[in-house]
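Engineer: Read off the chains here:
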Amino acid sequence: MAEITTPVPQAPLVDDEPVSEVGQLSQTTLMRLRFTRNKLAMFSLYGLIFMYILVFFGPFIAPNEYQYQNHDYVFGPPSQFALTGPNGNLGLYMYPVTTVLDSENFEFVHTIDFNQKIPVHLFTKGDPYTMLGFINSDVHLFGTGDPAQRIYVTGADSIGRDMFARTLLGGQISMTVGLLGVAISIIIGSVLGTASGYFMGLADDAIQRAIEVIMSFPTIPLWAALAAALPPISESFTALDRYFLITIVLSFVGWTGLARQLRAKVMAYRSADFCQAAIAAGATDTRVIFSHMLPNAASHIVVSAALSVPGMILGETALSFLGLGILPPMVSWGALLRDSQQVSVIVQHPWILLPGAAVVITVLFFSLVGDGVRDAIDPYSI
Amino acid sequence: MLNYVLRRLGYMAITLLIVAILGYIIIELPPGSYVEAEVARLRAQGGNLTQGQIDSLYRRYGLDKPEIERFWLWISHFVQGDFGQAFAYNMPVGDLIWSRLGLTLAFSVMSLIFTWVVAIATGVYSATHRYTIPDGIITVLQFVGLSVPNFLLALVLMVFAQNLFHMEVGGLFSSAYQNVPWSFGKFLDLLNHLWIPVIVIGASGTAWLSRVMRANLLDVLNMQYVQTARAKGLTENVVTWKHAFRNAIHPLIMVLGSSLPGLISGETIVALVLNLPTAGPLYFNALIQKDMYLAGAFLVFLSIALLIGNLLADILLAWVDPRIRYE
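Those protein sequence lines, which keep their order, are chains A and B. Every letter in the first sequence is one number past the one before it in my numbering, and letter 238, counting from 1, is 238. Every letter in the second sequence is one number past the one before it in my numbering, and letter 313, counting from 1, is 313.
Here chain A stands alone, though its shape is the one from the complex (with noise of 0.2 angstroms):
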């Protein structure tokens, strides 16, 4: 490891006391430094912050509502913008577009029409939404402020709603299935995992060997008959329990990888002596887990929790791009994805790749997180 280049604060000096000069940054400390230093992790850390905040905000952001079909707009090309107005002032324009049916192919022909700007202003009345559950508005961060000239940021999908739109909007389901994923098996795995690493025995046994089953499936299948499995859409199962199910069912096999690490450390934690010393000295079972063995596990819990995050994201994507994870109305990346199964469709209107970018994205942010954040806690290990 490198040496640690921030001054060390000095500790004030008491008289009758010996003051040692090492130890005086706290284990989290040196942690966070370590993890601050890393410039790629940090620079995808910014970048999920700010993807989060996109997406959290989107129906503000994104200028068109994203349920709203716009019929003479299917499969429209990103607006085109200009920096200068009809008199070469300085602004933001947009080129309207003119679509017009080809009545021998029957499709929609869109031109820009490059004679044209139409200015496009910040805070503008659109479409109504509901934001965060609580917010009601129809003001916009930006839009041309007139119903028929629409801005589409990254062009329309199959039947005219707004790409960027739904984008932000799968990015509220496809951001969070992943954490609240790794939640749940972090709960089950370490709950599992130290029972099995302390009691041992026959609980031992029937974990491990439940785990080696889970283990035998393989992943997207297994995913994908659990998913088929929960109940259709209807009154009394929203698709918000949907989503909630889907992340117990990505945790379903999540959890099996960590339960397995935790058994292996709470087993070397049983013989070490600090655990042996609490138990002699009477200490309940409770007590050695949860003040001796989690708090020296914790470490190791947030380091397979960060790096698990990615895998969660990928699930639910593949699983939702089947059409067995998120179902409408609710939209996830992977079920925007849905409507570029066709190559000859993607050839034609590359944009309705964009919700797979964000995936990359994202992924990649989560990735390049996890792995400074296990250099940061273990940097010991490859």
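Please note: incorrect hints may appear among the correct ones.
Keeping only pairs whose Cα atoms sit at most 20 angstroms apart, straight-line, the calculated SDA-like set for lysine to any residue is [stated by the list, open to error]: (1) K186/B with P277/B; (2) K39/A with V140/B; (3) K39/A with G136/B.
In silico negatives: residues of chain A with every beta carbon more than 12 angstroms from chain B [as the list claims (entries may be wrong)]: (4) F57; (5) S158; (6) A283; (7) M330.
By construction, these hints were calculated from the structure, which means they are not laboratory data. Ideal placement from N, C-alpha and C gives every residue a C-beta, glycine not left out.
Fit chain B to the known structure of chain A by using the hints.
Structural biologist: Quick look at chain B alone, frame taken from chain A:
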């Protein structure tokens, strides 16, 4: 060694039984049955079914019996090689799955070979050329390879192949060779269709293994015996491949077993996008249509393939590393 193999086989048999039971339970979980879906479909077509007709449908598919009895029937026939009826195709599951499972395995094995060859080559290169520009490029590619969902990679490669090379992608043969007897041209055509799936299925595994390879080799290259080998005047090639590499490959064989689920499940979803006649498309379709015997047989057989793969990986490891055998 034989002792070790026999013990592992015994464990595998037990796991297999539990996998079969669990597989059946999972397949039975979805609400409704194939008959309900079929009835809904017939009604949607305008047919008016009487209760008697519905009952006879249930009887025909054996869905009128209690759960336990059905499980017993399924498992006892399964062992005898009768996997039930694929409702939607109206033929025995056994006739339907073999060629598809075989192709799935073929693709998985080809991808495995691709993964290992590329991962070892890039891993060794970037470890021996640490912090050079090619190493940086390989590292970036590794991260990207891990972040791209494989079906997306398949789509993007298909677009490129179509736009740049004007290739017809997807399926196993181009339409010109679809229904003609085998010839050299058809063989070449097949090879031309194989490389995209193999790359796509192997991509994330390659990225991961290559990172493991790089990290391991870097560890080993810092060892003193490597320094000794250099000091006694061996060429860098001999030092890398004969002294360092042999000791760095061991953890790679250890993760061989855990890289198999990714290959098999990656294959199923890539096949759907690339329109390959393998297990994937049929399996996901069967799940959606609640064709439970078909889906169940696929799930169990994919798991069996995985278990055998794990067994082979373990045996390979025990063969390479004698310490494992005596544990």
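Engineer: All hints are to be evaluated individually against the structure, with a verdict given for each.
Structural biologist: To see whether the hints hold, each was checked on the structure:
no. : hint               : verdict
1   : K186/B with P277/B : holds, 17 angstroms
2   : K39/A with V140/B  : holds, 15 angstroms
3   : K39/A with G136/B  : holds, 15 angstroms
4   : F57                : holds, 25 angstroms
5   : S158               : holds, 16 angstroms
6   : A283               : holds, 32 angstroms
7   : M330               : holds, 18 angstroms
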